[in-house]
Amino acid sequence: MNGTLKVALIGNPNTGKSTLFNDLTGLNQKIGNFPGVTVDKKTGFSKVSPELTAEIIDLPGIYSLYAKSRDEQIAFEVLYDKKGSLKPDLVVVVVDASNLKRNMLLYTQVADLNIPVILALNMIDVADSNGLKINIDKLSKKLGVTVIPVNARDNKGVEKLKEAIAYSTKIATQNKTIEVEEIAPMLINEIADNFEVNSSYEALQLAHQHENLSSLSEEQSDLVETLEQKYSFHSSKAQAQETIARYNFINDLLFDCVKQDESAKGETFSNKLDKVLTHRVFGLIIFVVILFIVFQSIFTFAEYPMNFIEGLFLQLEQLLANILPAGVLTNLLIDGVIAGLSGVLVFVPQILILFLFIAILEDTGYMARVTFMMDKIMRKVGLNGKSVVPLISGVACAVPAIMSTRTIENWKDRVITILVTPLMSCSARLPVYTLLISLVVPSKRLFGVLSLQGLTLLAMYLLGFFAAIGAAWVMKKIVKSREKGYFIMELPIYRMPRWSHIGLQMFEKAKTFVFEAGKVIIAVSVILWVLSTYGPSEKMDAINAKYATPEMAKQFNPDQLQQHLKSERLEASYAGMLGRTIEPAIRPLGYDWKIGIALITSFAAREVFVGTMATIYSVEGDDSNIVSVREKLSAATNPQTGVKVFTFATAFSLMIFYAFAMQCMSTLAVVYRETKSWKWPVIMLVYMTGVAYLASLVVYQLLK
Amino acid sequence: MRHSKKIQLMNLSELEIGESGTITAFTDQHMSIKLMEMGCLPGEEVRLDQIAPLGDPIAITVSGYKLSLRKTEAATILLKSN
Chain A
146 MNGTLKVALI GNPNTGKSTL FNDLTGLNQK IGNFPGVTVD KKTGFSKVSP ELTAEIIDLP
206 GIYSLYAKSR DEQIAFEVLY DKKGSLKPDL VVVVVDASNL KRNMLLYTQV ADLNIPVILA
266 LNMIDVADSN GLKINIDKLS KKLGVTVIPV NARDNKGVEK LKEAIAYSTK IATQNKTIEV
326 EEIAPMLINE IADNFEVNSS YEALQLAHQH ENLSSLSEEQ SDLVETLEQK YSFHSSKAQA
386 QETIARYNFI NDLLFDCVKQ DESAKGETFS NKLDKVLTHR VFGLIIFVVI LFIVFQSIFT
446 FAEYPMNFIE GLFLQLEQLL ANILPAGVLT NLLIDGVIAG LSGVLVFVPQ ILILFLFIAI
506 LEDTGYMARV TFMMDKIMRK VGLNGKSVVP LISGVACAVP AIMSTRTIEN WKDRVITILV
566 TPLMSCSARL PVYTLLISLV VPSKRLFGVL SLQGLTLLAM YLLGFFAAIG AAWVMKKIVK
626 SREKGYFIME LPIYRMPRWS HIGLQMFEKA KTFVFEAGKV IIAVSVILWV LSTYGPSEKM
686 DAINAKYATP EMAKQFNPDQ LQQHLKSERL EASYAGMLGR TIEPAIRPLG YDWKIGIALI
746 TSFAAREVFV GTMATIYSVE GDDSNIVSVR EKLSAATNPQ TGVKVFTFAT AFSLMIFYAF
806 AMQCMSTLAV VYRETKSWKW PVIMLVYMTG VAYLASLVVY QLLK
Chain B
4 MRHSKKIQLM NLSELEIGES GTITAFTDQH MSIKLMEMGC LPGEEVRLDQ IAPLGDPIAI
64 TVSGYKLSLR KTEAATILLK SN
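Residue numbers (the working numbering), protein chains in the order written: chain A, 146 to 849; chain B, 4 to 85.
In case anyone wonders, no lab produced these hints; they're calculated from the structure.
Just so you know, not all the hints are guaranteed correct.
Cut-off 27 Å, straight-line C-alpha distance, at most; resulting in silico cross-link-like pairs (BS3-like, lysine-lysine) [said to hold, decoys possible]:
no., chain 1, residue 1, chain 2, residue 2
1, B, K74, A, K557
2, B, K83, A, K246
3, B, K74, A, K521
4, A, K278, A, K321
5, A, K420, B, K74
6, A, K824, B, K83
7, A, K232, A, K315
8, B, K74, A, K382
9, A, K213, B, K74
10, B, K74, A, K622
11, B, K74, A, K621
12, A, K246, A, K305
13, B, K74, A, K525
14, A, K301, A, K186
15, A, K656, A, K187
16, A, K625, B, K74
17, B, K74, A, K417
18, A, K246, A, K417
19, A, K420, B, K83
20, B, K83, A, K382
Chain A extracted, bound-state conformation (with noise of 0.2 Å):
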């Protein structure tokens, strides 16, 4: 390799820059973070020659340097970075040749930086049959710079792109699109004489932007400030007078190089499309109908290999018992890390087809007319059009939900939403509800078609999303912003989705979720299966010797008796110190300490609940068949009183606790890594198990 060329790929949002990216790069990329902001930074390395590779890097989409929000300043991060080591050699700004006229003015912008530049003109397919004519060569004339057409979707143009990228000079070429000095003259002067820059438009927009660049110093910042007062700077005024200049040149720009031909204009697909699909009534309809769909698929399709996955799992925890020497090690393997894989394994499909759905949304642009639609009703509550696609995500897994808010730029919408997306009713509630509601509703049928159960469960998950409105909802109240909140939004042309792109995004999803939330689900069943298999030795000693006995083995037999030292040792186990301690703190809701350590073992998960339910009250038989646990469950009573422990008031109570109560490691890292804070998830924590504390307090206390 003969060194490498950084190049930076930097763009308006919806101008197909992503999908230059995986063209030049192919699987060939490496998704990292950039310090302080929850943007991916996606790199990747492409043979541009056969001497040359060049490491490309995608930046966050923007419409100007002029950052809107704490993610998008990485753009302009990036191409100041003196020093650091992502400064890039080359810029290639991806635009929309469609959509010239607003894409151009990031391109001056970057262009009077005066660093080196290649213009993209992506999508040139949907400019020619949209009767635009561009001259290209006169473009390029009158740029100063290396235009390629290219069309990402087809892969058309890239090798053109590649090879002008393996050309490039390290001097910038470009000409210089307007003024910049005579915004702020003085100003501009003095500040590249103290700083180093290369060009007047870098100190200029050091003069806008120094508070919130973290490669200066604060000494430089309040340099930059203190001469921005001598010179009495406004910011909005410069910024505003700066635009409108770019404006001009751009139309100058545009009447020389571009030609529409008139016969092709009149109304688009698009707008014709838009005015069925956002319509006050079929546009609703049609959404409603979308939501069944997709979460009818992510229940009914899922099912069958979360079946697979599961009994896949239970048969080698077979096979691994059967081949394995029986010890300590071989029970920590099969109880503690293969069943905590199985546990994150079992959500990929349900996660697979929940993205499958997303991504074609929105790489169609759906998903915008989705937020155009809901902006007016989640904006009341506190939260954002933007905050449906997360919402309903929530009923899949949390923690794809979570990171899929991403897309909303207000910070204070992005945390509200991210702090109620958890009370929506997640899969792993699903087999908690359905032991729960098959104890104690009566498998009735109401007028002889709607099943009791089946109504109990709806009202669950209607239960967690009002929740989730009306904990967002309060929230607004609280949660300060310095953020200006907007909504101006593009709304992109309606494409076809592409099959590839979203086969990627399906993979990265369920990749991460695996890596991120698998970690922590496998950590934590690896420290419950400890807590629930140790305890103070002498104890333990004592149980073993009891059920060693030969009066033991005559009572009982040897399934039975492995089922009843199983039980008794879970609750002579830390754990089971755990549920006493615990008790007197949950007995006001109903709860007994086994129930205790069922509620400490659902922290990995929730669906623990079941398995711990099982061991407990020494199911036997298979742990997963909920039809012998539940049996089980109805005839526990308690030993003190002779009251059964599964009554009315109990099971509700602890419905409404695993509604409410943040049981989930998972989501709390995944909070935490969207954040980069632990703020947040303590305080979704305290809010969320606080909730559902007195919530059930309050239901088994009026039940009772």
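Given the structure of chain A, go ahead and fit chain B onto it with the hints provided.
Leaving out everything else, chain B in the frame of chain A:
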């Protein structure tokens, strides 16, 4: 002036679907910066395409593409009707 011109001054949130106007000025400087970056510039023609089912936000065509914005944001854009 007694002979008032036919040109009517209004803001963007007052357009009817299918109507268009030309941007003349902004009433909120902070908002105007974002709007101008998005192609809503003085002298530019805008057309109202859709109103969301619940009456807000709205979608307009401007600078050759479709933009959605809330009514409160649209109200900061002054127009003369075409």
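Okay, the hints, checked on the actual structure:
no., hint, result
1, B:K74 to A:K557, "holds (21 Å)"
2, B:K83 to A:K246, "holds (22 Å)"
3, B:K74 to A:K521, "holds (10 Å)"
4, A:K278 to A:K321, "holds (24 Å)"
5, A:K420 to B:K74, "holds (19 Å)"
6, A:K824 to B:K83, "violated (49 Å)"
7, A:K232 to A:K315, "holds (13 Å)"
8, B:K74 to A:K382, "holds (24 Å)"
9, A:K213 to B:K74, "holds (20 Å)"
10, B:K74 to A:K622, "holds (22 Å)"
11, B:K74 to A:K621, "holds (20 Å)"
12, A:K246 to A:K305, "holds (24 Å)"
13, B:K74 to A:K525, "holds (14 Å)"
14, A:K301 to A:K186, "holds (25 Å)"
15, A:K656 to A:K187, "holds (15 Å)"
16, A:K625 to B:K74, "holds (24 Å)"
17, B:K74 to A:K417, "holds (22 Å)"
18, A:K246 to A:K417, "holds (23 Å)"
19, A:K420 to B:K83, "holds (25 Å)"
20, B:K83 to A:K382, "holds (23 Å)"
Hint 6 from the list above is the single one not met by this structure.
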